[in-house]
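The lines below spell out each chain.
4 protein chains.
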Amino acid sequence: MNRISVGVLGASGYAGQELCRLIARHPQLTLRFATANEQRGATVRLGRHVVQYIAADEAPLHDVELVFSALPHGASKVWVERIREAGARAVDLSADLRPGNGCEGIPYGLTELNRRFVDGASVVANPGCYPTSILVALAPLVEQGLIRPDATVVVNSASGVTGAGNSPKRDLLFGEVAEDFRAYGIGNTHRHLNEMRATLEAWKASCDLVFTPHLLPLARGILSTMVVPLAEPLSDPLEPWRAAYNAEPFIEITSDTPALRDVRHRNVVRISAAPLEGMRAPALLVTSAIDNLMKGAAGQAVQNANLMLGLEETAGLPA
Amino acid sequence: MNRISVGVLGASGYAGQELCRLIARHPQLTLRFATANEQRGATVRLGRHVVQYIAADEAPLHDVELVFSALPHGASKVWVERIREAGARAVDLSADLRPGNGCEGIPYGLTELNRRFVDGASVVANPGCYPTSILVALAPLVEQGLIRPDATVVVNSASGVTGAGNSPKRDLLFGEVAEDFRAYGIGNTHRHLNEMRATLEAWKASCDLVFTPHLLPLARGILSTMVVPLAEPLSDPLEPWRAAYNAEPFIEITSDTPALRDVRHRNVVRISAAPLEGMRAPALLVTSAIDNLMKGAAGQAVQNANLMLGLEETAGLPA
Amino acid sequence: MNRISVGVLGASGYAGQELCRLIARHPQLTLRFATANEQRGATVRLGRHVVQYIAADEAPLHDVELVFSALPHGASKVWVERIREAGARAVDLSADLRPGNGCEGIPYGLTELNRRFVDGASVVANPGCYPTSILVALAPLVEQGLIRPDATVVVNSASGVTGAGNSPKRDLLFGEVAEDFRAYGIGNTHRHLNEMRATLEAWKASCDLVFTPHLLPLARGILSTMVVPLAEPLSDPLEPWRAAYNAEPFIEITSDTPALRDVRHRNVVRISAAPLEGMRAPALLVTSAIDNLMKGAAGQAVQNANLMLGLEETAGLPA
Amino acid sequence: MNRISVGVLGASGYAGQELCRLIARHPQLTLRFATANEQRGATVRLGRHVVQYIAADEAPLHDVELVFSALPHGASKVWVERIREAGARAVDLSADLRPGNGCEGIPYGLTELNRRFVDGASVVANPGCYPTSILVALAPLVEQGLIRPDATVVVNSASGVTGAGNSPKRDLLFGEVAEDFRAYGIGNTHRHLNEMRATLEAWKASCDLVFTPHLLPLARGILSTMVVPLAEPLSDPLEPWRAAYNAEPFIEITSDTPALRDVRHRNVVRISAAPLEGMRAPALLVTSAIDNLMKGAAGQAVQNANLMLGLEETAGLPA
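These protein sequence lines are chains G, A, S and D, in that order. For the first sequence, the residue numbers in the numbering used here are 1 to 319. For the second sequence, the residue numbers in the numbering used here are 1001 to 1319. For the third sequence, the residue numbers in the numbering used here are 2001 to 2319. For the fourth sequence, the residue numbers in the numbering used here are 3001 to 3319.
Source of the hints: derived by calculation from the structure; they are not laboratory data. All C-beta atoms, glycine included, are put in the ideal place defined by N, C-alpha and C. Be aware that one or more of the hints could be misleading.
With a cut-off of at most 25 Å between alpha-carbon atoms, the simulated SDA-like pairs for lysine to any residue come out as follows [unchecked claim]:
(1) Lys1077/A - Val1123/A
(2) Lys169/G - Gly2047/S
(3) Lys1204/A - Arg1148/A
(4) Lys1169/A - Gly2041/S
(5) Lys1204/A - Thr1189/A
(6) Lys3169/D - Glu104/G
Stretch-level coverage of chain S by chain D, calculated; a stretch enters the list once three of its residues show a Cβ under 8 Å from a Cβ in chain D [unchecked claim]:
(7) 2151-2160
(8) 2178-2187
(9) 2225-2233
(10) 2256-2265
(11) 2272-2279
Put together the whole structure using the sequences plus the hints.
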């Protein structure tokens, strides 16, 4: 069988490594190159294969059909242009092309919600990890008009440290993170808020959003806990998601509260909801869990690439 | 110097152990007995001292001036009566005598807020760990009338596993908790909500409360992240706490976001606040951190005992 | 394709769960039953399948071709007899039938070393996790006569907590294990020592063995560090393993020191060796790493089952 | 009371921070300065005090009676000379002046063993963390002539990550260390081996030493597991340590195996020993636990400083 050649820019970060692993196991893709400027020349083992990092400037962009860019925010945009000029498709995992980042009009790869734009697209902006965990969970409530108009939706999220990348920083040392927990991006200042607000606006949602991320002493996973004021009480709190995501292979709706270990190494969003007791007005507690490196980054990137390349959407992805 | 004899009921749980350690280091208290029915006869080392657990029924209640009860919820109330009949004072760390648990009128030992009731009291209901982290942080906003009337205050808390005690349960095994994070008490169903609602009501607060606790893969600490709608914007977001807690030795107000490692093994509540950007109406993000076994349990219990016994409030407590 | 029906006794422990997951993904096996007396009736999700635990007494032993017994030590032996009477093959993951446990003559499933006995066998004693990590590493030195006669081989091993099972015990609570490390089975008293000594004796090794296991604050993996006095210096310290395991798909020989994260969720033994500097007599430091639930339990059990059933040895196993 | 002024060079590393905390709580010392070139100007809170880091070149060496140098290996030696020229005493926590590092004759601060050299000394080389855990445990066996002549003593140690310092390195990120365990300094190549061999030689010990350190996924603590061939069997395995360390406040001899959590934040060495069963020749398994930042670094440094300054040896130290 003829495999489709793809490449990875920025392959030594956590998302880049996960991409390489997924490509190595993908039944129809083959990894033509993986770049990592600082570690160029180094080799990594991917299952039975060994890959040698090259510099980004040496990447044979013309030899592949699609390139995943896991380059840092700010550095990725120019590479997407080069990829396009070389005639390849691009999945950009950075924030550069996402909604709310000054570069609208690029298909936004929340796959389940934007499948029609991603299908066959030449460039896709792969969503941020937090937005994936939050927007996939909120979308059915927005679409079905269930959120109280002008209400404030309060979201608390907590992420494992791989979400912060593997550049050596003192704050991310084991000796600093172990046995600790803290909020950051305090006061609605996290970069991902723009991405979420722009998307909610595109969806004509009237709600205000409060978003506070936290850093967990564990490697991978994002749990988001969302308080959503409702226009009306719901008879079945899970019904909005069942209606929206009934046939989705990568969305799990459960009556149990999702936990990070339910989604480790899996390309899924796991969602639950329960009515909030003892409130003057109806409100829902919605929780979602993802693996930040899978559905929150590399997994969704491959899911998007599958659609862009006309492959089975689930190909090569652990559900 | 004549030391004051005290005892601990339920001394083998995490809070009970912490109590024994604090008493062993306290300059004016001496540990007369420590009970642990299942482990009776076992000995534990406390610094230079060795303590042997006895059965609760063998506790010489008449020989002490004060007893800390760290017995399980439901089992503690009857022992408080026995302690009182024996002529000793009691600090009850269980939920049995706290507000909202069907037994009003007992001084509620949020020390900084209820000092006048605790001073010289014969019985004090020691607050829950989550309520301590939340109510101490919210009180200045309530007292100063800063919360928007009828608003919903959304609180997310995350606790280390010692908050769940040390009874052997599968869910609390290392192999289950490590690398995991999840919410529980979903939908406003956690026991501590009654305690907080009753207290807010006593304070004449009109707000609704949403409270979602989470289980952290670490041993100790509680971080609470609170979204508070404001009646008016605040020019200095920390001013309400500075005004309320200026001279308090166990309250820390910081411009940095508090982290669990800032408060480990310390009897403090660390609080910060920041305005929420991009909202239609003014709102504040308040975060607080405590050590759940110290200010959230044993530390505050000793702080209350100090006041009940006429000692220096800070005696024997690591700030 | 006709799949081969198998069953799992003791399916709710960590090894039993891992077995069920491997069977669910195995291309030629199908899980006919899974027993868990205490949790009977409960359901677990295995990828796209849902399995309901039944009581061991209800297990349809006659309907399967092979049964994995992950029952506790002592309880397993009688079930192996019942399995045999029902006409099925058995892989026993308990210690009951292993060498040194009073029940010799059963093929001992260190697959790479005993393939000829396992092939087509009706009963196999699946090795302990520590013995697998140690004996696979020591075997080439023994077989090639490289260990100094009558020398003492000193082995230190450290295991993740899943090796201790998931029965609720206080010692295994997260609050007890986190931030701790300790030795146990002190003074050559661990059960696995008999298994290793009996095997070394069968191999005609003259060495004494010192074995000290330790408990790590992590979920899975065993690292063994072995000091081996040599008869003669080795020119290439890795040569004995290259000669012995050249074509083995599940043995990895590396010049880098193996780490637990190299072997997580993989059915491999990863081995390295280096000469010890500054010694009067030649000696080798050998290190090996396994995933205790994979190559140390369920993975090797499936590897053995594959051979017993005439399947490809690597079928269904992540290398 | 007149407090004795001391300073800390290299105060922002883990050992330097611990030194500052100990000095802040010390009843007779006061911290006159703390240097940290990269973080100069930054402030840290030490209990009720706030300290501002200065550059090393700005340190007022003439204004203090003693300086602790926690500077990196190689950089410390020249500073000890400057401290001496300024008329102050020096405790050097680096390896520069330790035995086996080319600079003999400086008192080696294994306090319990070298008290007579440390008492009133002007310069002391503070021992490495691993050597402290190992040499304090082995010394009684050496001194009492109990080790089999020309035997090989095999030591495996495992350390928490704070032992590797807090310079940002990828290998020490939480995402790399969590859920991992590995050996390093393989083949007797760790720097501390020279220090131990030189000391054993000074003690006229004839044994060979094998030393393999490991990196633990936890913050602090070192556990050493030692296999010691004996000249003769011991009737009481703990007797050698009881005889040697009977009156020592910082040595704990226990029949239980020591665990890291027994020694956290305490300036002690905890030691146990048990005979090894089933061996042709008598041998002992000795285990020791220390907190690498306390007895393994800052705590022992303060213990030595106390003796150098004529203070109570235990002053300011948590036992």
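Each hint, compared with the structure:
Simply put, Lys1077/A and Val1123/A have alpha-carbon atoms about 11 Å apart, close enough for the 25 Å limit, and the pair holds. With a C-alpha separation of about 37 Å, the suggested pairing of Lys169/G with Gly2047/S is violated against the 25 Å cut-off. For a cut-off of 25 Å, the pair hint linking Lys1204/A to Arg1148/A stands: about 13 Å separates their Cα positions. Straight-line distance between C-alpha atoms of Lys1169/A and Gly2041/S comes to about 20 Å, which keeps the hinted pair within the 25 Å bound.
Between the alpha carbons of Lys1204/A and Thr1189/A the distance comes to roughly 22 Å, so the proposed pair stays at or under 25 Å and holds. Taken as a hint, the Lys3169/D and Glu104/G pair is broken in the structure, with Cα atoms around 37 Å apart against an allowance of 25 Å. As drawn, the region 2151-2160 of chain S meets chain D at 4 residues by the rule of a beta-carbon pair under 8 Å; at three or more, the given contact holds. Using a Cβ-Cβ cut-off of 8 Å, 9 residues of the region 2178-2187 of chain S lie near chain D, which meets the minimum of three, so the contact claim holds.
Counting residues of the region 2225-2233 of chain S whose CB lies closer than 8 Å to any CB of chain D gives 3, which reaches the minimum of 3, so the coverage claim holds. With 6 residues having a beta carbon nearer than 8 Å to a beta carbon of chain D, the region 2256-2265 of chain S meets the requirement of three or more and the stated coverage holds. Interface restraint, the region 2272-2279 of chain S with chain D: holds (7 residues with C-beta to C-beta distance below 8 Å; minimum three).
Consistency note: the structure conflicts with the earlier hints numbered 2 and 6.
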